[in-house]
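Following the hints, complete the assembly by docking chain B onto the known chain A.
Taken in order, these protein sequences are the chains called A and B.
For the first sequence, our numbering begins at 89 and goes up steadily by one.
For the second sequence, our numbering begins at 2 and goes up steadily by one.
Derived from the structure by calculation, the hints contain no laboratory data.
Just so you know, not all the hints are guaranteed correct.
Cut-off 30 Å, straight-line C-alpha distance, at most; resulting in silico cross-link-like pairs (DSSO-like, lysine-lysine) [unchecked claim]:
1. A/95 / B/346
2. B/181 / A/147
3. A/95 / B/487
4. B/360 / B/478
5. B/404 / B/346
6. B/360 / A/138
7. B/488 / A/100
8. B/360 / A/147
9. A/138 / B/192
10. B/488 / A/147
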Amino acid sequence: MSSEIIKKYLEKVKNENKYDVEFISILENCNENSEDGEITAGKIIHIIGKRYAENKENKT
Amino acid sequence: MLKIKKIKLSGFRGILNTQELSFIEEGGNKPRSLVLYGLNSSGKTSFVDALEWFLSSKNEIEWLNRDEAKQKAYPHLEAKNGESFVDVEFCDNDGRKVFALVKTFNNEKITQPSVSSFEDFESLYKSFIIKPYLRYMEVIDFVYNKTGLEKYKKLASWMGFENELSFQQKISLDIIPAVKEEEKQILNSKKLLEEGLIKLIGNTTLDESVIIDFCNNILNKYKFHSCKDTLDLIEKLPEINKLKISYSAGVKINKIIEIENFLDSTGLINTSFFGEVELLEEEISEFKKDLKLSEKIDVINLYTQALDILNKTDSNKINCPVCGVEWDRRDLTKHIQKEFLVLQKIKNDRDNILTKINKLRGRLEGEQLTINRLISKYEDLNGIMSISYEEAKKYQKNLVSLKINLNKDLFNQDINFETKKDELSKINREKDNIKNSVIIEKNKIQLPQEDIQRNEDIEKINRVIECWQGILEINKKMEFYQKEVKKIIDLSNVVVREIQENIKSRFGDISDCISRYFKILRSDKDIKDIEIVLNEERGRAIGRSAEIKLDYYDISVKPAYKVLSESLLNSLGLAVYFTCVKQFNNECKFIVLDDIMNSLDIEKRDTVLDLIGQEFSDFQMLVLTHDLLWFQKIMQRFPNWITKKIKGWDYKLGAKIDFVKTTPEEVNSLLEDSTNINRAGSTLCLYIEGALNKLCENLCAEIRYRYIKNDPPSMEELFIALQKRLKDKTNINHPIVCKIADAKNYEPLLRNFTSHPRENYSSTISSTEVKLAMEKWFTLEKDLFCSHCNRYVEYIREKDSMECRCGELKIDKSLVRTEI
Numbered sequence: 089m090s091s092e093i094i095k096k097y098l099e100k101v102k103n104e105n106k107y108d109v110e111f112i113s114i115l116e117n118c119n120e121n122s123e124d125g126e127i128t129a130g131k132i133i134h135i136i137g138k139r140y141a142e143n144k145e146n147k148t
Numbered sequence: 002m003l004k005i006k007k008i009k010l011s012g013f014r015g016i017l018n019t020q021e022l023s024f025i026e027e028g029g030n031k032p033r034s035l036v037l038y039g040l041n042s043s044g045k046t047s048f049v050d051a052l053e054w055f056l057s058s059k060n061e062i063e064w065l066n067r068d069e070a071k072q073k074a075y076p077h078l079e080a081k082n083g084e085s086f087v088d089v090e091f092c093d094n095d096g097r098k099v100f101a102l103v104k105t106f107n108n109e110k111i112t113q114p115s116v117s118s119f120e121d122f123e124s125l126y127k128s129f130i131i132k133p134y135l136r137y138m139e140v141i142d143f144v145y146n147k148t149g150l151e152k153y154k155k156l157a158s159w160m161g162f163e164n165e166l167s168f169q170q171k172i173s174l175d176i177i178p179a180v181k182e183e184e185k186q187i188l189n190s191k192k193l194l195e196e197g198l199i200k201l202i203g204n205t206t207l208d209e210s211v212i213i214d215f216c217n218n219i220l221n222k223y224k225f226h227s228c229k230d231t232l233d234l235i236e237k238l239p240e241i242n243k244l245k246i247s248y249s250a251g252v253k254i255n256k257i258i259e260i261e262n263f264l265d266s267t268g269l270i271n272t273s274f275f276g277e278v279e280l281l282e283e284e285i286s287e288f289k290k291d292l293k294l295s296e297k298i299d300v301i302n303l304y305t306q307a308l309d310i311l312n313k314t315d316s317n318k319i320n321c322p323v324c325g326v327e328w329d330r331r332d333l334t335k336h337i338q339k340e341f342l343v344l345q346k347i348k349n350d351r352d353n354i355l356t357k358i359n360k361l362r363g364r365l366e367g368e369q370l371t372i373n374r375l376i377s378k379y380e381d382l383n384g385i386m387s388i389s390y391e392e393a394k395k396y397q398k399n400l401v402s403l404k405i406n407l408n409k410d411l412f413n414q415d416i417n418f419e420t421k422k423d424e425l426s427k428i429n430r431e432k433d434n435i436k437n438s439v440i441i442e443k444n445k446i447q448l449p450q451e452d453i454q455r456n457e458d459i460e461k462i463n464r465v466i467e468c469w470q471g472i473l474e475i476n477k478k479m480e481f482y483q484k485e486v487k488k489i490i491d492l493s494n495v496v497v498r499e500i501q502e503n504i505k506s507r508f509g510d511i512s513d514c515i516s517r518y519f520k521i522l523r524s525d526k527d528i529k530d531i532e533i534v535l536n537e538e539r540g541r542a543i544g545r546s547a548e549i550k551l552d553y554y555d556i557s558v559k560p561a562y563k564v565l566s567e568s569l570l571n572s573l574g575l576a577v578y579f580t581c582v583k584q585f586n587n588e589c590k591f592i593v594l595d596d597i598m599n600s601l602d603i604e605k606r607d608t609v610l611d612l613i614g615q616e617f618s619d620f621q622m623l624v625l626t627h628d629l630l631w632f633q634k635i636m637q638r639f640p641n642w643i644t645k646k647i648k649g650w651d652y653k654l655g656a657k658i659d660f661v662k663t664t665p666e667e668v669n670s671l672l673e674d675s676t677n678i679n680r681a682g683s684t685l686c687l688y689i690e691g692a693l694n695k696l697c698e699n700l701c702a703e704i705r706y707r708y709i710k711n712d713p714p715s716m717e718e719l720f721i722a723l724q725k726r727l728k729d730k731t732n733i734n735h736p737i738v739c740k741i742a743d744a745k746n747y748e749p750l751l752r753n754f755t756s757h758p759r760e761n762y763s764s765t766i767s768s769t770e771v772k773l774a775m776e777k778w779f780t781l782e783k784d785l786f787c788s789h790c791n792r793y794v795e796y797i798r799e800k801d802s803m804e805c806r807c808g809e810l811k812i813d814k815s816l817v818r819t820e821i
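Chain B on its own, in the form it takes in the complex:
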């Protein structure tokens, strides 16, 4: 069980000099809860930021990821390297030290802080599933995130299934789309061939009979007997080619026509190829920065074995299994684990690059095939007419050198793939120029028109068959590919289904608890059967989206925000978070709550304290608040908590933290200085007004309705209402009624410190009078406040009685004051 004994931070966010929060009462040893009060911008959040960074295995503060602030915003601007650190001492429930850990910010490698013990930090990260801190913003963020997908992501972070979500995302957003994209590329190459074929036969219907009819029509024109199918035609192709006119000009024109057809119907370079090559080059250069370390990859197994050996031994001193030097076991383990992780990452990077290289090799072969065929046609053409195809040759050469480079040990030598994206346009421009020259050359040759036509027709049959065979080949490839894709989709579906079932069952496990906690937070509403459900309906985020379903006055509603008000949604967000912590954090028993009551209406804030008191008594709380009233309520409800306040904030020093006194202690202390009578009176008034308001509310006293917020009932009205209520429910001479009258006698004096303070009046009030007013009030309060459950008495309608929540304190109606 982990609780916090002490937090110390320095040079972090708004705090420069070392600040400390101790969770141990003076002279004690057991860890307590702590409430820290401070005005806005007084440095409270620096403590939460520091703890979040300290507890994050990724060394991140989530809310600072916005606007690219990230790690560079963590240290105090004046802090030098090594001066920004967070030091936390953890203990068990009885205060026995578990470990003391220090994380120090590294200005040179801002994402890699140094840690005091790698092993202990790992234990710390593993001690909680749910992040043990909640900020006001997070509750708002959760309930107002519009899509189920965003809610699911938040739940993943709260409930600790981020790894499963990440795997789901990899499958749904990366793997399956990429595999399907490849399918699309195959189809695109088929489309190119089909377009070429349509252009050749002048018919958009492409099937065996259309192809064979087209070819037979040509053959019949030249008195060649029809072929029954394409296979028959392929067999007879050598014979058919003999139909071409074979005199020297005819040979030349045949070649020209063949090349012209080829250039017309052949696609060229894969446009994304260049980009991938450039990307690979960058990645290899980046990787080579850690070259020295990468040379050590092969010793990973050695480290694994060393760790195994270390785990099996209990001895504190041990000889290194590698070098034989004697080490402290703990230091050696730490050292080996650190080295192991660094090497593991480098190995993964290297493997990823090797996979990319393999993929590129496959693509390169396709590229070479295309460019070689093109150049071979250009060479044929060059025998007939003079053409220049330098760009194509340059590209061919580059591909050869790229192939050689890809086969080398890329990690250990300089590489330059010399690929430029503009080469593609140059090659295509060159191809267009050659096509134009071919047409001009063809027109120059004076052959009888019928001979040219005959040669063109026969060449067309050759091209048609070539394209048709290509299409059939792609069809086969496609059929094979689709079967394989189905295999991976089936496998992915079954894995994703398993993940979803597990998450659904986790949602199910916590639903009852959410309902129970929500009931504590909002007993005034008929809302029950709250469930988190996985969205399994159709849609892009199917299975990665969650919503909250509930019964609202017996009507089933999903999503919850359809009917719930802002305040109810905030309570729901809190119920979900607290449930997750309770259910999943078995080891880590502390929670940091930063101004969370902001998300609730003032009159509902007490219910959060009810929830903490009833359900989280085994947890240690660190509550930060800027609300004085709530702070005072916490002090009253949880007198065992350590209470501290931030008196002020300074750029150089940060927050000035001080202990908080109880109201009588504070008033008495102020009264020691005669110039502080005003402040003492104000402090007392604020307290009495708050208490009177709560008592009137609890006892259902009739009080003037507040039309506007700025016109609250006066202290006099509150005293009168409380006195009348008590008189009605007991008797005119009841001791409490008399004590109210005694306290009320000082109201005219106290009112001068409240709504309309008069600076010149206070000097006429003595410290003795303030002390007397305070004494009378606390004598009264003692009868109305239960020191067992730390609550004021309430009116219980069903029993027509006035008692506290735990029943220890009951007002006896029959009592009569005897002494005068």
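So that you can see chain A by itself, here it is in the shape it has in the complex:
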């Protein structure tokens, strides 16, 4: 069951514009779908890997 309070917290954090939006959206999804923490972690690692590859490509 997802938590409305956590949904609200994440919404609040998103509005602060200080934190990574893509990561917030992964946590939102984790809360809404009662996702396993390991799956969420996998998504985060995947995003970081993708960003590194893009960053490397841009530099070259």
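Just chain B now, kept in the frame of chain A:
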């Protein structure tokens, strides 16, 4: 507001045939509280288990989760499929029906019972935050859980922040550790390269100057000018490679040396990769069992829209937005919600598998890179000497087929990834054999020693630079990764902080109430300012751990169990639970208490009734007890409650429940049968002894000190002590003193039914004598028991008066009995 009108259960736990508990008095309509008395193992707990299962959205009974008992232990062993159910009728405060719900156990899908109304059950689950039932074991469990983390978990369940706790746990125990684990893996690959490099240069210090010095030393040996840094060296590498001896045997030896160096300094397969592939295969196979349903995932949006439309309409009959058929609105809503939830779960499972597939694709690329490089070296080597590398080729082929498989629609066709864990050891064994053959082959080639040395040296420079570049690349990757990890940690910290602040404020909200309730339960101790505090000190469970802090005789103590006795801790556990119910359950107004007084000393049990009477008069109680004395006290304190007892228990039938009579009703009924005089006398004696004990205690009568539990004061001693106290505080001719004397006259007769019953004596006592003894006692009790607050009078030291708690009944000291 939800109260219970009727509970009916069948085929559940210890009850086979249908049993019913009604909370309505005959002829009445308003829901009452109910106390059910029964000896241990008489089936009381079956009612609590049934209610817990009924009220659980997860369809679970927590205490049966031990030893893997779980759902299979819920139905009665003799019950057939469909015969195990719990049926509860709910009403409001005035007895108006809210809903009647039935949950039926499904023997084929034990975790998925069928429910009479999905919608109404959802409303029921939402009506309470705190679970409205408390077992004796739970109080003990709470106060004796040793760690703050366990207390926090219990509070989460009592105070309804389990979802927040679960999210905190996901962040702290799964997400952050997994992200850091990935960081560790990157560092491990760096470590492998560093080990290879150290082996090549023979120096544990790895920096630019050491690397360049090492390479320059070699270059100088062959009259090649020094390079200023590694970049310079990389630029000159083609030129440097020309230093190798280039005749046919030299080419061969160069190749061999290059391959030997490569095999020495290259790591191989990721050991966890195989396990992950196998796990994925299992998950996909499991998922495919619901394949037909998964094909319908795409219609989820349709269901969402349909629900929106249904919510907007008030009409009872409605055409299905999908097929157009006319439905009863309630049935259609129920049907759509049910379908929606099933599909939502399948969608989540599918998304999770897809994420894993993506992750594996990334890893697979790394694996392919490694094996392709190895095979390319083997191919080069095969041009020089004959080697066999079938295992490597097989693995390469498997990876290609795995890649093809991972790119297919895995949910709609047969899959076989053909990965076996022992392949890794075979490849490594093959690699070792090839390395040995290389060394033998190298030794066979007869080249001048200085030429071999030169070629080895130049090849070493190539490998050193290759490793060094690899390390620099990983450093860059690491720097990037750490920045990203910091972002997710910062985000997690801020979310967790928000959760903690909210929970802290909830703890703050209830602390005053806990102190107040504790004071009612234990007014004899100077304990105040009880607070639940979040542990924010360092430690593994930081922010997910709670403790109870309090002032004990003006000393601040945390955790509470440092100074509190077992009995005080039990009272504290009760105060916390009752506070949570009062504060958070605004809709659900019933509480089920299963033998909770067990956790308290006998003389403190009345205080629980004080708490219920003073603070929970708006709640409906279902109290189950095996303690006869407490049961009688409840009857006396709450005469409006429905009182029932379990007369016996039978394997086939379950509990035999009957109404309970008052003591005079019970005695009179027994006396109707002349063979029951003994039982009538015993019942009366037990009652009078209990009342005398309470009166002596309340009025501070001097009574013999009990040295041992088995030597209580006799009925005579109690009568004498009470009479003396009343005489001292009033006068010798006070009506109550005289009434005590009247009742006491029957004590010699009654004592035969108490401590030392003599079977042959009772026959000489007539039912008229027992009736007279009873009449005299209740005439006396009427003057000492307040029918308003339902309590006996007490001695108030400050006023030197004898009165009840509410002040309605006061003993007038000056009264004198006039009639003889």
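Structure-based check of each hint:
1. For the suggested pair residue 95 of chain A and residue 346 of chain B, the alpha carbons sit about 19 Å apart, so the restraint of at most 30 Å is met.
2. With a C-alpha separation of about 26 Å, the suggested pair residue 181 of chain B and residue 147 of chain A falls inside the 30 Å cut-off, and the hint holds.
3. Between residue 95 of chain A and residue 487 of chain B the alpha-carbon distance is near 22 Å, which keeps this suggested pair within the 30 Å criterion.
4. About 18 Å separates the Cα atoms of residue 360 of chain B and residue 478 of chain B, which keeps this hinted pair within 30 Å; it holds.
5. Pair hint residue 404 of chain B plus residue 346 of chain B holds up; C-alpha atoms about 28 Å apart against a cutoff of 30 Å.
6. Taking the CA atoms of residue 360 of chain B and residue 138 of chain A, the gap is near 11 Å; set against the 30 Å cutoff, the hint holds.
7. Between residue 488 of chain B and residue 100 of chain A, the direct Cα distance comes to roughly 17 Å. Compliance with the 30 Å bound is thereby established for this hinted pair.
8. At most 30 Å may separate the alpha-carbon atoms for a hinted pair to count; residue 360 of chain B and residue 147 of chain A meet this at roughly 25 Å.
9. Among the hinted pairs, residue 138 of chain A with residue 192 of chain B is consistent with the structure: their alpha-carbon atoms are about 23 Å apart, no more than 30 Å.
10. Restraint check for residue 488 of chain B and residue 147 of chain A: the C-alpha separation of about 22 Å stays at or below 30 Å, so the hint holds.
Violation of the numbered hints given earlier is absent; every hint is satisfied by the structure.
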